[in-house]
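Engineer: Construct the entire structure; sequences and hints are all you get.
Numbering (this note's numbering), first residue to last: 549 to 948.
No lab work stands behind these hints, which were simulated from the structure alone.
These numbers were taken from a predicted model, which means no experiment stands behind them.
Ideal Cβ placement from N, Cα and C applies to all residues, glycine included.
Errors might be hidden in some of the hints.
Think about it this way: if two alpha-carbon atoms lie no more than 27 Å apart in a straight line, the pair counts; the simulated DSSO-like pairs of lysine-lysine are [stated by the list, open to error]:
1) Lys919 with Lys893
2) Lys666 with Lys625
3) Lys625 with Lys598
4) Lys666 with Lys610
5) Lys631 with Lys586
6) Lys598 with Lys610
7) Lys610 with Lys664
8) Lys610 with Lys625
9) Lys625 with Lys664
10) Lys679 with Lys631
Pair by pair, the computed Cβ-Cβ distance ranges are [as the list claims (entries may be wrong)]:
11) Leu934 with Arg885: 44 to 54 Å
12) Arg742 with Pro675: 50 to 60 Å
13) Ala665 with Arg742: 27 to 37 Å
14) Gln686 with Leu842: 41 to 51 Å
15) Glu661 with Lys714: 16 to 26 Å
16) Thr687 with Glu661: 32 to 42 Å
17) Arg704 with Arg742: 18 to 28 Å
18) Asp674 with Lys714: 28 to 38 Å
19) Thr912 with Lys884: 23 to 33 Å
20) Gln876 with Ser829: 56 to 66 Å
21) Lys714 with His592: 50 to 60 Å
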Amino acid sequence: MQQKIISVTQINEYIRVQMDADPLLGNLSIRGEISNYKMYPSGHHYFTLKDEGGALRCVLFKGNAVRLRFRPENGMKVIAMGKISVFPRDGAYQLYCTALTLDGVGDLHVAFEQLKAKLAAQGLFDPAHKKPIPKYPQTIGIVTSSAGAAVHDMLRILRKRYPLCKVLLLPVRVQGVEAPPEIAGAIRYANHYRLADLLIVGRGGGSIEDLWAFNDERVAYAIYESQIPIISAVGHEPDVTIADYVADLRAATPSNGAELAVPDQDALRQTLDAMSGAMASSLNRQVKAARQHLQVLSASPALQSPTGYLDQKRKNLEMLQNRLLSAQIQGTDRKKRRYVELAAKLDAMSPLKVLTRGYAMAQTETGDVLKSVTQVQVGDVITVHLSDGSVDATVAERKE
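Structural biologist: Given below as structure tokens:
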């Protein structure tokens, strides 16, 4: 009997049909660890599931991948749902994955931590970027659902604490796939038209799925880019969202957000009363001090008797004048005595004074003082100075 010969394509197609017809292989949930994970520009995800004894190739096409709530990574323990089939071109069987969940940990929790790490690395949580909350806002914008109880609580608290403030409601959906773009859009709209001095963004409590719109990347960037300070007021006190990390201030609840947004009018009145009392006390002290100063001035001689004040000043002036004259006379006398002393010393040291005692001074024809016989020769004419005049003489003889 002649054996039938078939092509590779035929056998691969036959195996694919057999596997597709198997109900067990058509609806599987397989536990394993992700390895060799790759995501291509087409949006398709390719990876391998492995455990201690084997490995299984998997593909997650773009249409199913867009529903992922977390970003798959190598080493993650997951449960993959889908069917086993053969790719005829390669002749290799693989799991065509339709859904992927984390094994033992909620998808949303992992997605939250992944987005938190990503935004932190980008600096969206940097305290240096956070803007101060205005003390006395004139207009507050509330970005929340108009149908929830949270908005009514916030409006009630704002009216009670600070009725001077104008409140503007920017209604958005706070749950579901439409919520993130609406929340981000409302924040950008308020910034574009500068509608408020402060924004409160939030909603009432709920499950992590209910609050997930505030863990959306689009909302985080809108809050970060806002020029208007933002208070994040999402859920109850234990609830923490990405919006809380990015916002300029986190409130435990929407009601707490309203309390943080405005001052309490009762506390303000008490502060104003205290300041008014302090100002009154300060003014009273100043008036009292001024009155005492006026009493001192009124008791002064200048105000008691203006002429007496002038007389006193005149006497003081005369005394000062006398002191100046006395000082001037004393100074002149001292200078005169000093002059006489110096003149006497100068006179005593004068050569002319020596001549009066019988001495004479001789000079050569050139005017040099004659100190030695070697300065003249016989026949030279010299001048001899005496106390009452001088004589010219001729050298008759030189003796050494």
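Engineer: With reference to the structure, classify each hint as holding or not holding.
Structural biologist: Each hint, compared with the structure:
| no. | hint | verdict |
| --- | --- | --- |
| 1 | Lys919 with Lys893 | holds (25 Å) |
| 2 | Lys666 with Lys625 | holds (21 Å) |
| 3 | Lys625 with Lys598 | holds (10 Å) |
| 4 | Lys666 with Lys610 | holds (22 Å) |
| 5 | Lys631 with Lys586 | holds (20 Å) |
| 6 | Lys598 with Lys610 | holds (22 Å) |
| 7 | Lys610 with Lys664 | holds (24 Å) |
| 8 | Lys610 with Lys625 | holds (21 Å) |
| 9 | Lys625 with Lys664 | holds (20 Å) |
| 10 | Lys679 with Lys631 | violated (52 Å) |
| 11 | Leu934 with Arg885: 44 to 54 Å | violated (34 Å) |
| 12 | Arg742 with Pro675: 50 to 60 Å | violated (25 Å) |
| 13 | Ala665 with Arg742: 27 to 37 Å | holds (33 Å) |
| 14 | Gln686 with Leu842: 41 to 51 Å | holds (46 Å) |
| 15 | Glu661 with Lys714: 16 to 26 Å | violated (39 Å) |
| 16 | Thr687 with Glu661: 32 to 42 Å | holds (37 Å) |
| 17 | Arg704 with Arg742: 18 to 28 Å | holds (26 Å) |
| 18 | Asp674 with Lys714: 28 to 38 Å | holds (31 Å) |
| 19 | Thr912 with Lys884: 23 to 33 Å | violated (42 Å) |
| 20 | Gln876 with Ser829: 56 to 66 Å | holds (58 Å) |
| 21 | Lys714 with His592: 50 to 60 Å | holds (52 Å) |
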